[in-house]
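**Q** Now for the letters of each chain:
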Amino acid sequence: MVRSGLTAAGLLAPASAVVAVGLVLPLVLLFRYSLNRFVPGQFMVEALTAENYVRFAADPYYLAILRTTILMAVGVTLVCLVLAFPVAMVLARARGRWKTVLLLAVVLPLFVGNAVRAAGWMVAFGQRGVVGSLMEAAQLPPVTLMYTPFAVFVGILSVNLPFVVLTLSSVLEGIDERASEAALSLGATPAAAWRLVTLPLSLPGVLAAGVLCFILTMNAYATPVLLGGPRFRMMAPTVAGEVLQQSNWPFGAAISFVLMAVTLALTAGANILVARRHRG
Amino acid sequence: MTAVRLDRLTKLYGATAAVDDVTLEAREGELLVLLGPSGCGKTTTLRLVAGFVEATSGTIRLGGRDVTREPPYRRSIGLVFQNYALFPHLTVFENVAFGLRRRRVAEAEIGARVRRALGLVRLDGFEGRLPRQLSGGQQQRVAIARAVVIEPDVLLLDEPLSNLDAKLRHDVRLELRRLQKALSITAIMVTHDQDEAMAVGDRLAVMGSGRIQQVGTPAELYRSPANRFVASFVGRANFLDASPAPGGFVLASGLALASEHASASAGTVMIRPEAVEVAAEPRPGPNQFPATVDAAAFLGASWDLELALDGGERLMATVPAARAGTEDWSSGRRVFVRVDPAAAVGIPGSERPATPAHHEETPR
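These protein sequences, in sequence, are chains A and B.
Take the first sequence: its letters are residues 44 to 323, numbered as in my numbering.
Take the second sequence: its letters are residues 4 to 367, numbered as in my numbering.
Chain B extracted, bound-state conformation (with noise of 0.2 Å):
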């Protein structure tokens, strides 16, 4: 198990910084996501650590090596792509002794290797293929056999499961996850996905403009996060702007907002949307406002409303159906809107990432 270290890690393309002095650590047998939108730097990052992007300064080290200098095959990297990326004239069993065979390994050896690795993606009987004559999912199952088989000391995943329709990203994506625990490999895989992120990550990168916003766990980032950018990214939120008063903040409209994580810094309070409890009754604690119902939609298990608050704010709010049981939320009714003073959390006023994004995405 290695761990992964970038340290002030820069890269610019002309006078554009794609990565922007970003220092970060995936720890020993991690699994870290770098989360962000397109053009976010979390793809120039991941290929920096590759060895594909030469960085303008900054090192990255693998274990205690420092391999900033060191070209791609001599980095002991595992590499999955988003497109595979799968050696199309060679039949699987080929496409994962191909690393081994790089090493010079010996022939029986690879034999044992390569169907050890084939039986851990569940492809046991699928040596004589060719690429072709495989579904999306097992190929992308054969580019992780071949990235594993050669016990890298970190594994790069490049929006693995983007390529794969829903239902089977859900079973590749706690495939990659069993698996990761189960060779205790460390990992760092890009996505721009929030749900992928959460359910695969130990930790996560949020970035924005080619910098590191805010890393910790899905949790840490969900119920704190460090301002608005990662606040949007992961997960859905309201925004409201307010400034601090005592216990809580003033909203713009004049409300009075009782808050558990009132800061005098904060100019924006967010509340989640399954924070924001909805009665057609008054009922008695703090944070009671009168509102009317915008707009509604059942969605099985729950219910989206849109609130438009008697002093002008107006709020998202997810509310389980069955507490919503047979209420009828239909838009123009009056309802009373309740905010836990535990999820009314501020962060900074109108901090946006750092930096507008100007540059493109690595050039493909």
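Only chain A is shown next, with the shape it has when bound in the complex (with noise of 0.2 Å):
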């Protein structure tokens, strides 16, 4: 027992240190910064105050900013998980070379990094981009895409997607085929065996992907800088703002600490609505 008890310390311990020096170290830091004064030219003054909160609550231009980042979480994981479950099914049903094929179709777009793709959506949505031309053929008016919360929901949808689909596919290929043929057998149409069966059954794969895919937007950088432009802000880039840009380290670190609370708290309010929904 004493043994097994050291080699899993063993085992964790390079993990843990890790995590303790990359994460829970910088976190302790950004809280203490996040108490401290910023006077212009002095950079950072140390005190324990909790005015860059109180200031953050009093804006309301930084609320916006707030209530924006929300709601584009909110609506990115809601059409994320409806694009993503079909996918998900069919993966999840897949069998042999097929599957490996869908999987790396599903997996591929990972291969480039945020940005690059931000890039490509600005060639897609520019001036004279792609839709701007397919439009212009089709002989209708033009619309303004770039530099849109639309250009910016497509992005973040783009990025988010394929992870929600690996998430819910993983949950789905537990659930057991025969269930739904039970149902199906009782007189269940495929609608029907897929509402009361099926979607029951991968909740807590929905949750997960859900919760994924919102953390995901909530913290969202290169895609609303890229394809937002300048009078669109989210919380992350926000932050970097006011860190990078204005040297108030204070106000950048309590931007953070609320970003990464509404974040926790919403996501734990939702695990709790849908835990107690599945308990019936």
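Treat the hints with care, since some could be wrong.
Computed beta-carbon distance windows for the label pairs [to be verified]:
| # | chain 1 | residue 1 | chain 2 | residue 2 | range |
| --- | --- | --- | --- | --- | --- |
| 1 | B | Ser333 | A | Arg140 | 55 to 61 Å |
| 2 | A | Val64 | B | Pro91 | 40 to 46 Å |
| 3 | A | Gly163 | B | Glu112 | 57 to 63 Å |
| 4 | A | Leu66 | B | Ala109 | 35 to 41 Å |
| 5 | B | Glu112 | A | Val305 | 49 to 55 Å |
| 6 | B | Ala109 | A | Pro233 | 22 to 28 Å |
| 7 | B | Glu112 | A | Arg140 | 46 to 52 Å |
| 8 | B | Glu57 | A | Ala234 | 15 to 21 Å |
| 9 | B | Arg68 | A | Val125 | 34 to 40 Å |
Chain B residues, not near chain A, derived (Cβ > 10 Å throughout) [claimed, not checked]:
| # | residue |
| --- | --- |
| 10 | Gly54 |
| 11 | Gly81 |
| 12 | Glu112 |
| 13 | Ala325 |
Hint data in this document are derived by calculation from the structure and do not stem from the laboratory.
Ideal Cβ placement from N, Cα and C applies to all residues, glycine included.
Taking the hints as your guide, dock the two standalone chains into a single complex.
**A** Laid out in structure tokens, this is it:
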């Protein structure tokens, strides 16, 4: 027992050290910074004040950024789940070589970084871009796509979709196909069998995939910056702006913690909601 | 009560026939067992009847109704799976009520019918449990209740007992049999277990290589198998190469064997092990051969003997322990074997299931 305990500790140690040094320590530091005072010209002054948090909560400009971010995250998550579910079902039921091909097709976009993919969308959405040219050819009135919330929405959607598909399909694979066959034999139409059997059984997977997508969107950086343009603001770019451009570390740290707290609170809320429904 | 008729039913996967020209009837109120080794097409046949697999050609009729192109949910079938396939997120009550709700049965009637179905499988009082809170045997009984509560035209059972341990399997199969007769529901059951098949089936259809090899009552199949495949699948049997001769056969070694079932086309004689009598001294009568005991195993109620006839043929024999008395059937002992001419059955020479099985069982 003691030996296996030691072995387990030994196996866990490297990862734990990385997490401690790379995540916990910076977080503690950042939280400490968020309580400091920013004096222009002096960078950061040691203090124990909540003024950064108060500033965020009192300024409609920043609250609007938070609201935009939450709306974007909820919207992207819902659309992602709807789009990913059928793909995940096909992937979960595929067998053999066909499955490998499908899996590769889903994973392939992940080989291209976020920023590169955003650049691709810029080509598509730009003034003389692919979408614009197509609409012109169809003699439709021109619409502005670039630097709109819609462009950001589509961009983040495309980034997150593979993660959601993979998470969902791994859970769907664990659901016994015979259960939906049983439903069909008892007179349920395929739609009813899906609604009454497959969907309830996949709820844990929907939750996991939804949470993943939500967190990724809440913290999205490259896509909002590149596709949203200078006037569209979300939380992560705002943090970067405060830290990099204003050199206001305390306020940037405070925004980070607001973002983290809101993300955690909403995720926990969704968990509780689904857990309650799951129990019936 | 509804009869199920399969007419020239064929299912091809690529060029391989999983089900090959099967014509079969489950009569009203009968329990028909599809028996065969894995990959013989029995599960595919069942899934064709259920509607999960689309027939390449042929027809499926429930009663007079052609359901070949109907989806499963319009077929009125009750289905019991090997792994139970209960809905894990629903209570026992809701599992059983599922089919009734799909049929929009009134709430009051649902309650009464669910309770009656659970009573039939002796699970009164389990309404509020979740499937994971039940034992395997209880789960299978819920699955049976769920299938019969909708009063389906036909009950389909896919290896329903295979996941249960031996003792439980025996109990559940008796219960299944009792229930099927009490409800007088037409049923088709798939199994690879010949004991199970003989215990519950009114008639058995032995399948091999996608084809029906023979259909008949357990006794018919046991006593007069159509071919060697059926004979070896239903019970144990000795097969001796032989050629027809007046009043019987001549074995490969030259021994003459009298038989009441001689036929000109037979190339093999089948003798069941329990039809081989073994004695220390020769007795009057036909088919008396000296032999040597090669191996002997005492099984309590009987002895299992392996014998070598002096001509060279080998025979398995099952000798009741009571008749054997205190006899010592140790190996090496010289004995006399006698075969009742009524028990020596000629079957066509080397007939095997028509084509070798290349295909897999239906993908799961």
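**Q** Give a verdict on every hint.
**A** Hints versus structure:
1. B/Ser333 with A/Arg140: 55 to 61 Å: holds, 58 Å
2. A/Val64 with B/Pro91: 40 to 46 Å: For A/Val64 and B/Pro91 the Cβ distance comes to about 43 Å; the hint holds.
3. A/Gly163 with B/Glu112: 57 to 63 Å: With a Cβ separation near 60 Å, A/Gly163 and B/Glu112 satisfy 57 to 63 Å, so the hint holds.
4. A/Leu66 with B/Ala109: 35 to 41 Å: At roughly 59 Å between Cβ atoms, B/Ala109 and A/Leu66 fall outside 35 to 41 Å, so the hint is violated.
5. B/Glu112 with A/Val305: 49 to 55 Å: holds, 50 Å
6. B/Ala109 with A/Pro233: 22 to 28 Å: Once the Cβ atoms are compared, 25 Å apart, the range 22 to 28 Å for A/Pro233 and B/Ala109 holds.
7. B/Glu112 with A/Arg140: 46 to 52 Å: holds, 50 Å
8. B/Glu57 with A/Ala234: 15 to 21 Å: At roughly 20 Å between Cβ atoms, A/Ala234 and B/Glu57 fall inside 15 to 21 Å, so the hint holds.
9. B/Arg68 with A/Val125: 34 to 40 Å: holds, 39 Å
10. Gly54: violated, 8 Å
11. Gly81: Answer for B/Gly81: violated, closest chain A Cβ roughly 7 Å.
12. Glu112: holds, 15 Å
13. Ala325: Answer for B/Ala325: holds, closest chain A Cβ roughly 47 Å.
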